[in-house]
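Student: Residues per chain are reported as follows:
Protein chains: 2
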Amino acid sequence: MSAYDSLLARLNEISHVGKAAAILDWDHQCYMPEGAAEARAGMLATLGKLSHEMFVSDETRKLLESAEGEGHAPGSDGGLTLRAVRRDFDKSVKLPTKLVSDLARETALGHGVWAKARAEKDFSQFAPALERILELTRQAGECYGYDKQSGEIYDALLDNYEAGAKTSEVVTVFEGIRPGLIELLNKIKAAPQVDFSCLERNFDEAAQLKFAEKVAARLGFDFTHGRQDRAVHPFCTSFTRHDVRITTRTEKNWLPGALMGTIHETGHGLYEQGFDPKDDDTPLSDAVSLGVHESQSRLWENIVGRSRPFWHVFYPQLQAAFPGTLTDTSEEGFWRAINRVEPSFIRVEADEVTYGLHIMLRFEIEREMLNGTLAVKDIPDAWNAKMESYLGITPPDDALGCLQDVHWSAGLIGYFPTYLIGTALSSQLYEQALKDSPNIAQDLVKGEFSSLLSWLREKVHHPGRRYLPQELITRICGEPARSEPYIRYLNTKFTEVYGL
Amino acid sequence: MSAYDSLLARLNEISHVGKAAAILDWDHQCYMPEGAAEARAGMLATLGKLSHEMFVSDETRKLLESAEGEGHAPGSDGGLTLRAVRRDFDKSVKLPTKLVSDLARETALGHGVWAKARAEKDFSQFAPALERILELTRQAGECYGYDKQSGEIYDALLDNYEAGAKTSEVVTVFEGIRPGLIELLNKIKAAPQVDFSCLERNFDEAAQLKFAEKVAARLGFDFTHGRQDRAVHPFCTSFTRHDVRITTRTEKNWLPGALMGTIHETGHGLYEQGFDPKDDDTPLSDAVSLGVHESQSRLWENIVGRSRPFWHVFYPQLQAAFPGTLTDTSEEGFWRAINRVEPSFIRVEADEVTYGLHIMLRFEIEREMLNGTLAVKDIPDAWNAKMESYLGITPPDDALGCLQDVHWSAGLIGYFPTYLIGTALSSQLYEQALKDSPNIAQDLVKGEFSSLLSWLREKVHHPGRRYLPQELITRICGEPARSEPYIRYLNTKFTEVYGL
Chain A
1098 MSAYDSLLAR LNEISHVGKA AAILDWDHQC YMPEGAAEAR AGMLATLGKL SHEMFVSDET
1158 RKLLESAEGE GHAPGSDGGL TLRAVRRDFD KSVKLPTKLV SDLARETALG HGVWAKARAE
1218 KDFSQFAPAL ERILELTRQA GECYGYDKQS GEIYDALLDN YEAGAKTSEV VTVFEGIRPG
1278 LIELLNKIKA APQVDFSCLE RNFDEAAQLK FAEKVAARLG FDFTHGRQDR AVHPFCTSFT
1338 RHDVRITTRT EKNWLPGALM GTIHETGHGL YEQGFDPKDD DTPLSDAVSL GVHESQSRLW
1398 ENIVGRSRPF WHVFYPQLQA AFPGTLTDTS EEGFWRAINR VEPSFIRVEA DEVTYGLHIM
1458 LRFEIEREML NGTLAVKDIP DAWNAKMESY LGITPPDDAL GCLQDVHWSA GLIGYFPTYL
1518 IGTALSSQLY EQALKDSPNI AQDLVKGEFS SLLSWLREKV HHPGRRYLPQ ELITRICGEP
1578 ARSEPYIRYL NTKFTEVYGL
Chain B
1098 MSAYDSLLAR LNEISHVGKA AAILDWDHQC YMPEGAAEAR AGMLATLGKL SHEMFVSDET
1158 RKLLESAEGE GHAPGSDGGL TLRAVRRDFD KSVKLPTKLV SDLARETALG HGVWAKARAE
1218 KDFSQFAPAL ERILELTRQA GECYGYDKQS GEIYDALLDN YEAGAKTSEV VTVFEGIRPG
1278 LIELLNKIKA APQVDFSCLE RNFDEAAQLK FAEKVAARLG FDFTHGRQDR AVHPFCTSFT
1338 RHDVRITTRT EKNWLPGALM GTIHETGHGL YEQGFDPKDD DTPLSDAVSL GVHESQSRLW
1398 ENIVGRSRPF WHVFYPQLQA AFPGTLTDTS EEGFWRAINR VEPSFIRVEA DEVTYGLHIM
1458 LRFEIEREML NGTLAVKDIP DAWNAKMESY LGITPPDDAL GCLQDVHWSA GLIGYFPTYL
1518 IGTALSSQLY EQALKDSPNI AQDLVKGEFS SLLSWLREKV HHPGRRYLPQ ELITRICGEP
1578 ARSEPYIRYL NTKFTEVYGL
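One line per chain: the protein sequences are A and B, in this order.
With the first sequence counted from 1, adding 1097 to any position gets you the working numbering.
With the second sequence counted from 1, adding 1097 to any position gets you the working numbering.
Because the hints were derived from the structure by calculation, they are not lab data.
You can trust all of the hints, since none of them are fake.
For identical chains, the list gives no copy identity; a pair is met inside one copy or between any two copies.
The calculated lysine to aspartate or glutamate pairs, modelled on EDC-like cross-linking and capped at a C-alpha distance of 20 Å, are: (1) LYS1349 - ASP1301; (2) LYS1286 - GLU1593; (3) LYS1311 - GLU1131; (4) LYS1195 - ASP1102.
Can you make the complete structure from the sequences, with help from the hints?
Tutor: Set out below in structure tokens:
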């Protein structure tokens, strides 16, 4: 057995521990009885500690060094695997095991605290937990290290979710996107608003789930290697490409929640189910970054799932799924309704035009909260002030404000920018897909999704973790990530929706 | 920190890995998509290997030896804990890690193979998997060791489930029970059969679950520290006393399946929820044996749940839960129906009188299958012949015969006898409970279960794993396990049910 093969076997075992933790986390969010939170946190802390210890151990280091000495060519699968593992290893060894297990414990506990604070609309209940998580995250940032001249500790965290990305680049990209969004939003505000009352009727919740799962299956989600459950905050998690779990929530009087939410998570799920079978049980069978992940969910949710052709195919089925509920709403009217633009409080329910502003707000706040210029206690005020400034509305309570997202309670700080990076990327990828395979557009009109999925499988899913995000994008599109396709897409679409 | 405290901390981490595996197994049986079986087996193999390696490591051994040198008095909690850990340690070090992970993998894979074979009523599909599991189990038996003079390899496995029990003792106990069962069964066969058609009507399955969970809560099952889900084969599992999972299955035209099944699993669940809070995160917070575990489920299911007073309380509520379905059935008629005795194919549906014969059959078959006197391919014939001989009926197919139980696919060989040991014990414990607290019988008539539960908490649950099973029974009853109370209970009850 080569050192490389031994390394892969060991990494596979380590990944089993990490995947076990992911299953515990899924259970935590979907089924665990509330009284088990403390005990579950202890288990997650142990698993976090264990997989960290196994990864940074001398045994792994020696295997990695020996494998690196075996002469795997830089661009070969072996070379690309070793590069990815070396990158992870060099980061992980910087974290003390205690910090890893403390973070696992605090974030497992944080979820329940956050959920309760959110239910009771009271940020002050969550603040102490957030202080602890933030302090541990800062320690992690210091351990990873960052450019002391820039003083940008956010860089150290961002790299966990978007390898190689810098905070300053995010600022540049966001500043590039902002004027286009504002300009479009102002035009829309001046136009007559669309009627969306058809989305607020009584939709049986079991029927919502059933219809959403039918759509997911049509798009290509494989329910023999995945499933959907309910969760407070929808997410997608994966325990190998053979077992991908998406989650959703339903609301009787709000159809898009479960419906568009499921299509979004299906996009994530298709990515996780789509890694190359030959990469099974290797580090390559993994997502390249959260931005690329989000490009998949947003592409299916918005570019496909909120398109005219999509609803031309599915609207009659939707009407049939809710007998009598949508008879007086035309296909055109429904399509406009689900594309309505209106500043609102909740990010995951936000329309495509204001969505970016929600992300910019979060990015700015967490950057300041991390570098200490914003105190935790001042987060609600800062949040509300930015909401007023960017969107012209002020959340009436913290549940509709700074408590709405699960991320901080889970220690996911530096994660939010990837939502907008990915959203912008979805347009760029879709433009490229149409260039490479012009038949995709016609297939979508016919309700055939396999040509788009095949293109994504080949270009995005199969490469797995072979490349850094920017390398992958350049390989696919012939140029790095750009935000123009995104603004172009929005302008084209909403000019049509609003008759601008 | 004393060596004892360090040992407990380490054991707690090891138990976290084992509990994570239990969560993966629960998910496997309740929710996992079928395509994930192979990947899940790999994860379980790694976790099994890891917890084994951690437990038998030099680090654990040294901590155990140091703790033993600290002079914890034999009967103290420390002394009892160290005795239990030493027993486990001395057994575990005998097993090579590879065997542990091979067993974990084969049994994880075995579940799917068994489920498919059962669904298709074809033992031959399961035979190769059973051969592999049996061979690995034999290897484990040889590693544990057993008295070579008796040649009883079954002893080595039995001890895993009923510490200290010997196969020859089981034979003696079963031979002691058998004549009483046969005699009673023959009397019942000569009496007019009771009408049980009321149990085969149309019972809405969601309403079945709802009612069963209401009963479970009334008995004391804490749903903030536990939950119920559906599974192919009902079971109870626990991830600490804060998170106890019971499962059931429903059948539209068979009320007792989910109803009595839930009460049975509730009995297990009450035990798991009932360990002493001061034993949290220690090896004492665990069941003493499977026999004692089963005594709890059978006590609640049969002695309480099939009693007249129980249905005097619950029957009106049951009638209300299924409007119009039971209006023409009297409380008395219903009580007789759920106590009907009739030889049948499925163990978990068997009545109280024939149940023991189902267990004896399994015990005899697996003893021979383990020592090699019965070939795997001959199991269906051996099974059917014994069914004919003991119960006078022959299963029409393997699903109703030797494929009905999940145990062998899970590597649980040596486990079956504990069902009858526990069932007999339930009568002995209940007699003792009435002696200690005569008010229990009157409370049950009033639908108050807390006095019985309190007695069980104090006598059975709180001691946890302090004692060996026979020690515990002697402490509670002043004498070792005896089967007379069981035969006495059956005779009294069924004389009444059948007017013998």
